[in-house]
Structures are given as structure tokens and as C-alpha cells.
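Residue numbers (this note's numbering), protein chains in the order written: chain A, 1 to 276; chain B, 277 to 715.
The hints are simulated quantities; they were obtained by calculation from the structure and are not laboratory data.
Do not rely on the hints blindly, as some may be mistaken.
If you want the footprint, here are the derived chain B segments under chain A, 3+ residues with CB under 8 Å [claimed, not checked]:
no., stretch
1, 550-563
2, 601-615
3, 620-626
4, 655-663
Note that this is a predicted model, so its numbers are computed, not measured.
C-beta: ideal position from N, C-alpha, C; glycine also.
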Amino acid sequence: MHRANDYYGHSHVLARYCGVDGDPPPRMYGYLQHGWNIGDGMAGDHEYVPGVPLFLWSERTRRRAWSLGRRGTYVVGAPWAYLLRLRPEPPEAAAAREGTIWYPFHGWEGQHVTGDHGRLIARIRATEPGPVTVCLYWQEFRMPAVRRRYERAGFRVVCHGYRGDALRAGDPGFLDRQLTELRRHRRVAANRLSSAVWYGILAGCEPAVYGDPMTLSNEDPRHGGQARIRRQWAELHGEQVDTGVAYAAAVEELGADRLAPAAELRHVLRWNRRQR
Amino acid sequence: MTYRLIGGEMLVWSDLDGTHGPGPVRGEALAPFLAAARGRTLVAGPHDPALLAGLTGATVLVRGVPDAERLAGLPGLEVLCGSVAKLAAEEPFDTVIALDGLERLGTAEHDELSWAQTLDVLRGVLKPDGLLMLALENPLGVHRLVAPPRPPSDSDWTPAWDDTRPAGPGPLTGSGASRVYALYPDPVRPRVVLETTRDDAAAEAVVAGAFDDDAEVLTDPVPPALASLRQGHVLAPAWVVVAARTRDALRTPATAPGAAPGTRTLLSRIAGAAARRDLPAVRELLGSWLDGPAAGVPAGQVLSGPDGTLTPLAPAGDVAATLRDLADRLQRGGHPWPGSTDLAATLAAMAGRELAIGEETERRALPFAELRAERDRLTRELAEARAQAAFLAEELTAREADLRLARRTVELLSGTGPARAGRAFVGGVRAARRLLRRP
Numbered sequence: 001m002h003r004a005n006d007y008y009g010h011s012h013v014l015a016r017y018c019g020v021d022g023d024p025p026p027r028m029y030g031y032l033q034h035g036w037n038i039g040d041g042m043a044g045d046h047e048y049v050p051g052v053p054l055f056l057w058s059e060r061t062r063r064r065a066w067s068l069g070r071r072g073t074y075v076v077g078a079p080w081a082y083l084l085r086l087r088p089e090p091p092e093a094a095a096a097r098e099g100t101i102w103y104p105f106h107g108w109e110g111q112h113v114t115g116d117h118g119r120l121i122a123r124i125r126a127t128e129p130g131p132v133t134v135c136l137y138w139q140e141f142r143m144p145a146v147r148r149r150y151e152r153a154g155f156r157v158v159c160h161g162y163r164g165d166a167l168r169a170g171d172p173g174f175l176d177r178q179l180t181e182l183r184r185h186r187r188v189a190a191n192r193l194s195s196a197v198w199y200g201i202l203a204g205c206e207p208a209v210y211g212d213p214m215t216l217s218n219e220d221p222r223h224g225g226q227a228r229i230r231r232q233w234a235e236l237h238g239e240q241v242d243t244g245v246a247y248a249a250a251v252e253e254l255g256a257d258r259l260a261p262a263a264e265l266r267h268v269l270r271w272n273r274r275q276r
Numbered sequence: 277m278t279y280r281l282i283g284g285e286m287l288v289w290s291d292l293d294g295t296h297g298p299g300p301v302r303g304e305a306l307a308p309f310l311a312a313a314r315g316r317t318l319v320a321g322p323h324d325p326a327l328l329a330g331l332t333g334a335t336v337l338v339r340g341v342p343d344a345e346r347l348a349g350l351p352g353l354e355v356l357c358g359s360v361a362k363l364a365a366e367e368p369f370d371t372v373i374a375l376d377g378l379e380r381l382g383t384a385e386h387d388e389l390s391w392a393q394t395l396d397v398l399r400g401v402l403k404p405d406g407l408l409m410l411a412l413e414n415p416l417g418v419h420r421l422v423a424p425p426r427p428p429s430d431s432d433w434t435p436a437w438d439d440t441r442p443a444g445p446g447p448l449t450g451s452g453a454s455r456v457y458a459l460y461p462d463p464v465r466p467r468v469v470l471e472t473t474r475d476d477a478a479a480e481a482v483v484a485g486a487f488d489d490d491a492e493v494l495t496d497p498v499p500p501a502l503a504s505l506r507q508g509h510v511l512a513p514a515w516v517v518v519a520a521r522t523r524d525a526l527r528t529p530a531t532a533p534g535a536a537p538g539t540r541t542l543l544s545r546i547a548g549a550a551a552r553r554d555l556p557a558v559r560e561l562l563g564s565w566l567d568g569p570a571a572g573v574p575a576g577q578v579l580s581g582p583d584g585t586l587t588p589l590a591p592a593g594d595v596a597a598t599l600r601d602l603a604d605r606l607q608r609g610g611h612p613w614p615g616s617t618d619l620a621a622t623l624a625a626m627a628g629r630e631l632a633i634g635e636e637t638e639r640r641a642l643p644f645a646e647l648r649a650e651r652d653r654l655t656r657e658l659a660e661a662r663a664q665a666a667f668l669a670e671e672l673t674a675r676e677a678d679l680r681l682a683r684r685t686v687e688l689l690s691g692t693g694p695a696r697a698g699r700a701f702v703g704g705v706r707a708a709r710r711l712l713r714r715p
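Bound conformation, chain A alone (with noise of 0.2 Å):
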């Protein structure tokens, strides 16, 4: 129904799981919540259409959504959870990893972080005991300047690839590619808890959040903003975390425990054959 279906490669995951072939993959019936947030699952760029099935990540958010008046939800977990299905860790991988992936704040489209860069820099360099990759968005990864400041520091950069936007389709390998390295490291982190530290810590990550989390031009500060989500998550947010706690949190937030089997998300997708 929304270009934003397919974010992240995020129809092609569901896809993979189903069972249902295409590239692109059908068109889903109905919205998919495209990034872990504090609000109704729904981005800002989604235009709402009344009736339409709104496909959430977890009961809290369904919960929270209700409360704001959205009806038709329906909670089918987030597509990286599925992902982990799809591809089990092997046990001996587990063992091989090492060091700290690092997801410094980055704005959306239209957006624009202000903070400094180099004291954040200092700080992971304080803080990581081990070898140290800095993931970017793909704005900041294509900007030769902020890539230039963290591959100085020692640190290694890479960038999952294009997230998708109203016109394109995302890259449908980035959370493949995300997985895989995420499953290289010892450690998840980042300045503020987002997508990304849940998926690490969904993924076998210690997480940790810390360092200036940075101020966003035109932040959104309808659903309480980095002040609330330090109060609600307070446990995850440090140098160090519970592992147990974090893991049994993201477990909450991504809807790991709520996946639906095959049958049913071809079902409520309308992915069969005769509901096309």
C-alpha cells in the first residue's frame, strides 16, 4: 500500500518468510511500521488512509496506538525478527566475535543532526574495549568529511545501505547486511536507544547507549522525545547494561515473541495467490 512497505528491504524479508515469490514482492495490504518508535508505529511520511490495516511491531505499541484512536492494528512483529528466523546464528560464530559496533544518531531525510562529533568520538574511544565499526547512514557515509573524522579516529566504516524513500525501494539487502554485522561483534552501541540497538541486542549484542545523543533539526516532539525514552528504557541506556534485561526488552519491542507463522502473514497480508 506505501513505498514505506518496503524500507529497509522490509517486504522482502516478510517475503523470504513466507514463502512468496517477486521482486518487488506483491504489494502488502496495509501499513507496516518501519522503525522501532515511541508512538502509533507510524512514521510522519505516511499518509493514512482510513481502513487500512496498520501492521505493528509490538503489543505496547499496538496499545499505545489504540489509545491514540487507531483502530484496525494488528501485531505481526517487526520484519528483523522474522529475519533471525530466517537465519539462525550458527553456535560456533558466537564465539568469533569481537569488538563494538557503533550507530552514531543520524537525521532522516530533511534532517540535520547538530552535536560534536569529535568529543563523541573521544568518548567511544574511551569507553570500547575492543576494535570499533562505525555504521552510518547512507547521507552521512556519501559525506567524504564525517566519514573521513571517524576512519581517522582508527575506526572501521561502513554503511547497510540505502534505507528506500516514496519514489525507490530500500536496498532489499540491508538488514542482511546489518545482520551479518551485527553478528560480528561483541557489543551493540549507540547514542540514543533506536532500530538499531534493538536489533543488535535481539541479535546477541551487549547493548549500551551513551555519549551526547545529539539534537535533530525539527525533531518531532509530539511522543515525549529522547527525555521519555531515557525514563521508560532508564536500564538501557550506559556504558554497561543487563544483558537478560535488555534482551527480554527488545524481545517486548520488536515482537519476537509474537511472530505469526507463515500461513497467517500471507493471510493478513493478503499474499495468497486468490487474494491478490
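Once you've looked at the hints, dock chain B against the given chain A.
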């Protein structure tokens, strides 16, 4: 046999033929009460003659002469005809049965006794260690809550509410020994009789099955009836109190089905999980149903034990039909699935199954409340369909604009010098290749 006129009788009146009211209290479900009678027995009020068949030697009180004549034709009954007010002169009884309640014991010929006075008369003819079985209609019974308004019948000559009548069975249980039974689906034609302590799945299943699916009602009586079952049957259409002064004197009629403590029907478990939006629980329940011996048995007819064991109460039939039935019942309450179409197939898919489930050919008659909900749903869905059509038209316009732009770009590019040179080059290569391939 003949009958005895005791005074106040109504000459051209019958309760038994059903022309002036709902007919006599009737149904197999009441037989255990009559079977529990002992000694000299009085049956007061209009009871179906079929229920009286085994009561040899019993005394029956009716108010209409045609009814007295009819009952006098049955073997072994002593028939009294007239008003309950004239009963005081009779010899005392060991058992007094009034399964129709006390409302149809007075006659139009007599100043009416209040409910409490009528009870006093009946107690007056009961021996001190006698057994009383008395029905009491529930003014808040689910049968009343869902009934469309009806004009009063011929028997409602004084339809005013009697303040002396208790609202529940509590005051009738008194200081002696007693048991209270709930009757469903209505006081006159009960199909199900259960002790009010029963709240297990076997009780749920029979109560849900007691109501006619095609009765003309304002709203579906089953959900409130089932909710009330867990609150001591407070919404039961009627109760029967069986009371005696001592535990030894009490006789307790056996009712079916037997208790299954700690159980719920599978339907109630699925509906509960759906209402809580507990999708993993719904999936697990559906899976255990469709993968086990209870597949094809309606979910309301499957007992689910505390450990999740399923016990079917009915033979298995068509799986698709039971899924359609479950979908229909879930749709009457709140459910988590978006949209309203194809829920039965969604349920099958939740258990990992692809089932093509056809539409039900014949839909049940909808109660008024559901008709209204249906109207609201259709109105909303129409508005949504219009909004979606408008959205899609807008999207189409945008894509067409993109396509025009792309075509123009292609045309522009194909008209440029490099493009022409490129085409000439490709043409030359093709010609050369053709030439070389010739033998």
C-alpha cells in the same frame, strides 16, 4: 376420575392450551424435580400433563375448568380447580411443587393474593418436615433483557409488579437446607437445569446451546448468560429453590451434565485470548484444536481442561463449518483482526493451515443490536472504501506523471547526437555480424 371445584374457578379458561398465554411450564429438563417428590404431593399451577404422568396419587391445582377436565382424564391424579386462596382447607402435603412460580395460581374471579400471601398459603399446606420446590422468574433474567416488547396476554389481568416478590432466590432458601437451580433459556420452556454453583465448561456448553438461534431478540442472550454463569447465575431466566427444614428431609434432583471442575469451553478460552489480544495464545489454542481429536467439533462444544487437554462433547463434523461458526461468534464481540472479511480462513492460517473456506450460504437472523452494529460497520466500510479509492486515484495520477516524465526523458535522450551515433554504431555492428555469419 373427576375434579373438585374449590372456589374461584374460571369456567372458560385454559393455561394448558397456550391460547391465553405461554402455555404450561414444560420440558424434560424439569422431570428430575417431579421425580424427587415424596409422600403426599401437591403440584400447584399449570404443569405440562406429560410431566405429571409418573405422579400417581398426586394432587394437582389448576384454575381453569377445561384444564381440570383434561387432567381428570389422566390416571391417578386428584384434581382441584379454583383459586390458591381456597387451598388452605386441604390436608397438609409432604411435597409441594410449583415449577411455574406463583403468578398463575390466582384467578380473575377472586381478589388476588400477593406473592408473599400465596407462598404463605402453600407453606400452610406443607407439613413441617415437608419438601418445597418453587420456581421464581428472574425480573432481570437474560430472557427479559433480550426480549422485544410484547403486548400483555390474556393472563396479565393485573400485570403490576408485586413488591412482596423477592428479586432473587436468596430469601427463599431460609434457615433450613436448600439447593438453588437455574433454568434456561426461559422460565416456561426450560431446556437446561443447573445448580447455581456450576460454572464449568460443561455448564457453559449446555447454557450456550439452550438458546434458540432463530429467536427474535434484541441482542444475543448467550454472552450475558455465560458471564452471569460465573457470578452465580444472576441473569438466569428463572430459578427453582428446593427447600426443606432439615438436610435429611431435602431431596436433590439429579441434573445433567455432570460437573467438569476447572474447565472452560475452548470457545471461551479462544474468545478470552482474542479479547486480551494475546495472539500467541490464540494460535496455540487453534493449533491444539485443529491438530487434535476435537477438530471439526464446534469450539463451544469442546471442554478445555486446566492443563489444556481438549475433550469433545459432540461428534466431529466439517472443520470449515466449525471455523466459520467460531469466526461468527468472535465477530460478535471484540476481536483483534483487522477487517471483517475472511476471518475463518485467518483463524485456520493462525494454526498454520491454508484452508479455502467458502461463504456461509445461509446467515442466521440477526438480533436488533447486531443489525445496528452491521449497519454502522457497513457505513464505515463504505466511507473507508471511498477514501481508499480516492487515495489510489491520487497515487495513479502521480505514477502517470512519473511515467510521462520518464518517456519524455527517453525521447529527449534518443534525439541527441550521441544517441544517434550510438544507434548508427550498433546498426553497423549488427550488419557486420550478419555479413560474417554468412557461409
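Hints versus structure:
no. : hint    : in the structure
1   : 550-563 : holds (count 4)
2   : 601-615 : holds (count 4)
3   : 620-626 : holds (count 5)
4   : 655-663 : holds (count 6)
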